[in-house]
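**Q** Here is how the chains run, residue by residue.
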Amino acid sequence: MDSESLLLSLELASGSGQGLSPDRRASLLTSLTLVKRDYRYDRVLFWGRILGIVADYYIAQGLSADQLAPRKTLYSLNCMEWSLLPPATEEMMTQTSVVKGRFMGDPSHEYEHTEMQKVNDGEKVFDEEVVVQIKEESRLVSIIDQIDKAVAVIPRGALYKTPFGPIHVNRTFEGLSLSEAKKLSSYFHFREPIELKNKTLLEKADMDPSLDFLDSLEYDIPKGSWSMQMERGNTLVVLRSLLWPGLTFFHAPHTKNCGYIYVGTGEKNIDLPFML
Amino acid sequence: MVEIAVQNAKAYLLKTSSKSGLNLYDHLSNILTKILDERPENAVDTIENISQDVKKAHFSKKLDTLQNENEMLPTYEIAEKQKALFLQGNLEGGDQELEDEIAESSLPNVMESAFYFEQAGVGLGTDETYRIFLALKQLTDTHPIQRCRFWGKILGLEMNYIVAEVEFREGEDEEEEDDEEAIEERDNGDSEADGDDDELPRSFYKAPQAVPKEESRTGANKYTYFVCNEPGRPWAKLPSVTPAQIVIARKIKKFFTGRLDNPIISYPPFPGTESNYLRAQIARISAATHVSPLGFYQFGEEEEEEEEEEEEEIDGGRESFEENPDFEGIQVIDLVESLSNWVHHVQYILPQGRCNWFNPIQKSEEEEEDEEKEEKGEEAEYIEQEVGPPLLTPLSEDIEIQNIPPWTTRLSSSLIPQYAIAVLRSNLWPGAYAFSNGKKFENFYIGWGHKYSPDNYTPPVPPPVYQEYPSGPEITEMDDPNVEEEQAFRAAQEAATVLPVEENETEEEEEEEEDDDDYE
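So the sequence lines, in the order shown, correspond to chains A and B.
According to our numbering, the stretch in the first sequence is residues 1 to 276, in order.
According to our numbering, the stretch in the second sequence is residues 1 to 520, in order.
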């Protein structure tokens, strides 16, 4: 959710029950303004909160003028002092994928993971147990990246692609109509498109290249990984991800209020196929 | 010359478009009029949009006899329903009534708890909370309710559930019971029908004896729960929970849909619909996460003196407690630092699915004396009584989930610790919270209604397949005998049977002859 409309956005997303306490809200409003100035971001998004056992991580993201350019991610434990996180790499992803369980809330915490490695000692090959230390900070980076790639959502038309390539916020976006808002196809993944180039020419024929340049949620796997609800008597659409429980996207039809927030434990729901 | 050029240019601008019937001259003048009227900032940046708006204005909807406004109908419908909530106070007039109502009110102060939970960073928005507050008022006005509490909200796929926990006034809660008897009868009918088919192999499976459900006002059925999908919609009463439902609910993990009559399709099969599953989950969540500061509740005194010894032997704990009038409050900082200052005030549910242990053997002895003799071997088996932690056990005795502490405590604000409150978050049931400011406390749940587990969910394996036929010589495969074996067998058979057979044969022959004579 945009840091400038934080209060309204929090109110709209409150149906999932995870808000912010008044002191957190106030400190975010102050500190995110400073973050925007200091890091020279075009827009600052309040991304959400990862619940740890000892403390919670508050996450914000900075966007440059090109909305799809790689985002900068910052975290804070007290909502005032923000630290920049390194970008996620493939190596980090594979390394941290073995960690399971809850976050601790201490970025320097180290998870221990024992791994079997083959060691060549002369001619013999031994299986040796190697203890790998994984820092919570790198796990945090990779989880945020995974959530962003899997479930960050933007309504169709909120962004547009300029003929030269960069993607900008659509100033004239006035919200989806009620009938469009009830369809999953009107919502896009807020990340570089992956599935788009696999579409057939026939499917591409009806697309508006300046608006339909992202993947829609319609064909997400597994099917049914989104729960869509109309709240407040049809004046608010709420999408909740079942794959990453805790992610709430909201959009009020006919207004440009939209955004997403993640408040959860930072764990993927791998039991989803059993639960539907 | 210049004049002619200007006129040519104007004539060009005035040329009517063959498609839209507009001309550029009028359009530009409309844009300029609009800009000068509205005076937007940085008009040059938004000129395209202004132009678009001006064009759009031509297509604005004119009133037509065919209007398609259906899609807004549900909005009005819920607004109309909620209007009733706001009007309910006005219908009853009179100061006397108002005073009575205030004195007798069983309505909880939802807004106050919501304020504290907001300090903790949890809770629904003020607006939604207030609507729920009104809906609870409607509930307490229309039912004979002694005590009412906003339990929480359970998220569903299509709709959510708002859950209210109520306690009826004495002797005013007997209604149902009929449904379940009907179900049992139906079960009996089925088994008889199966019995008629003699040819098919019968199932040897004997269902373990059903554990009876707990009486209302005791154990897992201590409170009654009402749910509704949205404030203003009708409240539905949830059926009371049976031990079987709790046992199965522990083994499955399904999302709620928001429709109470939705069937639960799962393995192991769940006995009931979503309303039963919801009720079972509510019972489990309450038992695990409803906590209060130490000393807020105490055991009733009479019970303590008279029945302490007996009760403890039979049930493994006392079930009732009352508010401690001498409770003086606990320092908030102590509540944050030590979990032993918090206690569970809802009974632990045993693996059996009941809070008070039920001995399945006793009953079978009384009822089925005939069978007892046949199955002495089984009867001799002693079933160990399941014992859980007694009521009002401190949280510090809760079991860890694979090195993860079951609770996280926190002070609501580190900036102004003087007025902060203690916040408790359950790690076992994500979404369960409790707060206390030393004197007051409240519990709240908002989430999907599932227990946390660091490992994947694994459905239980199906039981081993039963044998279709008892294994015997008719159906077991054997090696065919070879020729030598056959001959040896025959020789042995002959040697053994020759003498007696001969004797018999002669007798038989004689008899036969005699018979023959008769016929002739």
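Hints are not guaranteed to be accurate.
[Unchecked claim] For lysine to aspartate or glutamate, the following DMTMM-like pairs were computed, each having C-alpha atoms within a straight-line distance of at most 20 angstroms:
hint, chain 1, residue 1, chain 2, residue 2
1, A, K182, B, E77
2, B, K253, A, D271
3, A, K161, A, E123
4, B, K83, A, D42
5, A, K100, B, E77
6, A, K161, B, E48
Because the hints were derived from the structure by calculation, they are not lab data.
**Q** Are the hints correct? Go through all of them and say.
**A** Results of checking the hints against the structure:
Pair hint K182/A plus E77/B holds up; C-alpha atoms about 18 angstroms apart against a cutoff of 20 angstroms. Simply put, K253/B and D271/A have alpha-carbon atoms about 8 angstroms apart, close enough for the 20 angstroms limit, and the pair holds. The straight-line distance between the Cα atoms of K161/A and E123/A is roughly 60 angstroms, outside the 20 angstroms bound, and the hint therefore fails. A C-alpha spacing of about 43 angstroms is found between K83/B and D42/A, which places the hinted pair above 20 angstroms, so the restraint is violated.
At most 20 angstroms may separate the alpha-carbon atoms for a hinted pair to count; K100/A and E77/B exceed this at roughly 46 angstroms. In summary, the hint linking K161/A to E48/B is supported, as the alpha carbons are separated by about 16 angstroms, within the 20 angstroms threshold.
The earlier numbered hints that this structure contradicts are 3, 4 and 5.
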